[in-house]
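The residues making up each chain are set out below.
Protein chains: 2
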Amino acid sequence: MEHYVPLIREFAARDELFHDAVARKLGLHPTDEKVLRLLGQQTVSAGDLADYMGLTGAAVTAMVDRLETLGYVTRERDGADRRRVKIRAVPAKLASINRIYRGLHAAMDAMLADYNEAEFKTVVDYLTRTTKVLAEQTRKLGDGN
Amino acid sequence: MEHYVPLIREFAARDELFHDAVARKLGLHPTDEKVLRLLGQQTVSAGDLADYMGLTGAAVTAMVDRLETLGYVTRERDGADRRRVKIRAVPAKLASINRIYRGLHAAMDAMLADYNEAEFKTVVDYLTRTTKVLAEQTRKLGDGN
DNA sequence: TTAATTAGTTAGATGATCTAACTAATTGGT
DNA sequence: ACCAATTAGTTAGATCATCTAACTAATTAA
Numbered sequence: 003m004e005h006y007v008p009l010i011r012e013f014a015a016r017d018e019l020f021h022d023a024v025a026r027k028l029g030l031h032p033t034d035e036k037v038l039r040l041l042g043q044q045t046v047s048a049g050d051l052a053d054y055m056g057l058t059g060a061a062v063t064a065m066v067d068r069l070e071t072l073g074y075v076t077r078e079r080d081g082a083d084r085r086r087v088k089i090r091a092v093p094a095k096l097a098s099i100n101r102i103y104r105g106l107h108a109a110m111d112a113m114l115a116d117y118n119e120a121e122f123k124t125v126v127d128y129l130t131r132t133t134k135v136l137a138e139q140t141r142k143l144g145d146g147n
Numbered sequence: 003m004e005h006y007v008p009l010i011r012e013f014a015a016r017d018e019l020f021h022d023a024v025a026r027k028l029g030l031h032p033t034d035e036k037v038l039r040l041l042g043q044q045t046v047s048a049g050d051l052a053d054y055m056g057l058t059g060a061a062v063t064a065m066v067d068r069l070e071t072l073g074y075v076t077r078e079r080d081g082a083d084r085r086r087v088k089i090r091a092v093p094a095k096l097a098s099i100n101r102i103y104r105g106l107h108a109a110m111d112a113m114l115a116d117y118n119e120a121e122f123k124t125v126v127d128y129l130t131r132t133t134k135v136l137a138e139q140t141r142k143l144g145d146g147n
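Chains as they are written, first to last, in our numbering: chain P, 3 to 147; chain L, 3 to 147.
Hints were generated in silico from the structure; no laboratory data involved.
Honestly, I wouldn't trust all of these hints.
Which copy is meant is left open, so a pair is good if it fits within one copy or across any two.
Said to hold, decoys possible - Here are the computed lysine-lysine pairs in the DSSO-like style, where the Cα-Cα straight-line distance is at most 30 angstroms: (1) K27 - K123; (2) K88 - K123; (3) K134 - K123; (4) K123 - K95; (5) K95 - K142; (6) K27 - K95; (7) K134 - K88; (8) K142 - K27.
With the hints as extra help, turn the sequences into a complete structure.
Below, the structure is given as structure tokens:
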């Protein structure tokens, strides 16, 4: 039980290094690649991006400018609330990114195949609940400012 | 099985946001907090830090300078290989960081208590193997330049 | 209909990281 | 043993992602 903490630290660090490597291969900043990962098909508002990334609004504007210039995303005004800007990924560009992820997905699928249904359920449950705990604890840290 | 990928993405993003919040509370750069997390008791060489963090040697020098000035770490020359510099965390400073982590650790312990031994073993196995897969895939991405 | 709030952008400043060049220590081939 | 090549870390200068503060425009509430 004590060797659990370094385990999750290593896990998170490796995940980050992997995504950094993907970003480098694409010639993108790690932040930009992270956003593109979030933008699957759905559109996301600039403000939601700021929350998700932990960035200021100005930083998001700069980031979307970069991605727009490179042709990765487009801006659309929200019809209902015209203050809002919705960011949409360009499908053709997303495809080129997904190609890079194929190796990881294949390896992960192969690994996950070793688990039976109950075990897989446990893993999903663990990830879901840990995510929730992290969100709560992050909020609590922010409170005391 | 299809909703697994967004799950791990959310997990990693939340983990990062949590650590960003910790760093902000300490008045440190996220990178610096990440290094301090790695430096438990053990000493780590500057080069190993560069690998672990995905930074250049110059960036590590600057980072260690920052942490040294603030009293978080000390530099020691390696006796065996005097080119090497070993970085050591200052225990008293580490304690103040651990205090911030208490809330998370308590919440995680409470959550993990819901799993029986077999389930916990599955979670540890999953984290261990996924970490290994990520390391392999990162290396493969780096190969093609 | 006017005041207050919210979403996003612009402008300018800061600073973490980068590249390239350098010092110093170690290793290996001859 | 010795010189060349490699490795570890640092220094100097440049770049650029992000920050703060001030601004525009749209929405909501009094």
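Do the hints match the structure? See the list:
Taking the closest pair of Cα atoms, K27 and K123 never come within 30 angstroms of each other, the shortest separation being 34 angstroms inside a single copy and 35 angstroms across copies. Taking the closest pair of Cα atoms, K88 and K123 never come within 30 angstroms of each other, the shortest separation being 34 angstroms inside a single copy and 43 angstroms across copies. Taking the shortest Cα distances, K134 and K123 sit within 30 angstroms of each other both inside one copy (17 angstroms) and across copies (21 angstroms). In the homo-oligomer, the alpha carbons of K123 and K95 never lie at most 30 angstroms apart, since the shortest distance is 33 angstroms inside one protomer and 40 angstroms across protomers.
Taking identical chains as interchangeable, the C-alpha atoms of K95 and K142 lie at most 30 angstroms apart only when they sit on different chains, with a minimum of 22 angstroms there against 38 angstroms within one chain. In this assembly of identical chains, K27 and K95 lie within 30 angstroms of each other by CA distance solely inside one copy; the values are 14 angstroms within and 38 angstroms between copies. In this homomeric assembly, K134 and K88 come within 30 angstroms of each other (Cα to Cα) only inside a single copy, at 26 angstroms, whereas the closest approach across copies is 37 angstroms. For the homomeric pair K142 and K27, the shortest alpha-carbon distance between copies (11 angstroms) is at most 30 angstroms, but the shortest distance inside one copy (37 angstroms) is not.
In the structure shown, a violation is registered for the earlier hints numbered 1, 2 and 4, in ascending order.
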